[in-house]
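Make the full structure from the sequences, and use the hints.
Quick note, the sequence shown lines up with residues 140 to 243 if you use the numbering used here.
Note that these hints are calculated values from the structure, not bench results.
Zero decoy hints are in this set.
The following label-pair restraints were derived from C-beta to C-beta distances:
no., residue 1, residue 2, range
1, 235, 183, 36 to 46 Å
2, 175, 215, 20 to 30 Å
3, 183, 231, 33 to 43 Å
4, 237, 181, 37 to 47 Å
5, 235, 184, 36 to 46 Å
6, 210, 189, 22 to 32 Å
7, 237, 174, 29 to 39 Å
8, 175, 237, 35 to 45 Å
9, 189, 234, 28 to 38 Å
10, 210, 176, 15 to 25 Å
Even glycine gets a Cβ: it sits at the ideal position worked out from N, Cα and C.
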Amino acid sequence: MVLTAARPERNGDEHMINGGEKTQNRVLFCTCTDVKCPNHPNNHSGGCEPCIAKNLALGEIPTCFFKKVDPEYRGPGYFMKDFAALVMRKNETENERQGPHTIS
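Right, here's the structure in full:
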């Protein structure tokens, strides 16, 4: 069984962004701000695959995962251990805001 993700409807390889700006091969949900990276979806027609492959080869996780947890994340790194620490900090912060849990 092969699973495939639905792709946004395209008119050629262009999308309308911000009321009219056209960008070639744009992945609409990409939150990476390193648009000069050769693996950024704006710079080729391969979507997210080159970015994910590069990150996995280096033991890293793509920036979009970090940005999903914390849109302001700036480091110290993008390794799996950094992502795990970020998620743990986020969960601790959310638990502190909720207060103590009681079992009825």
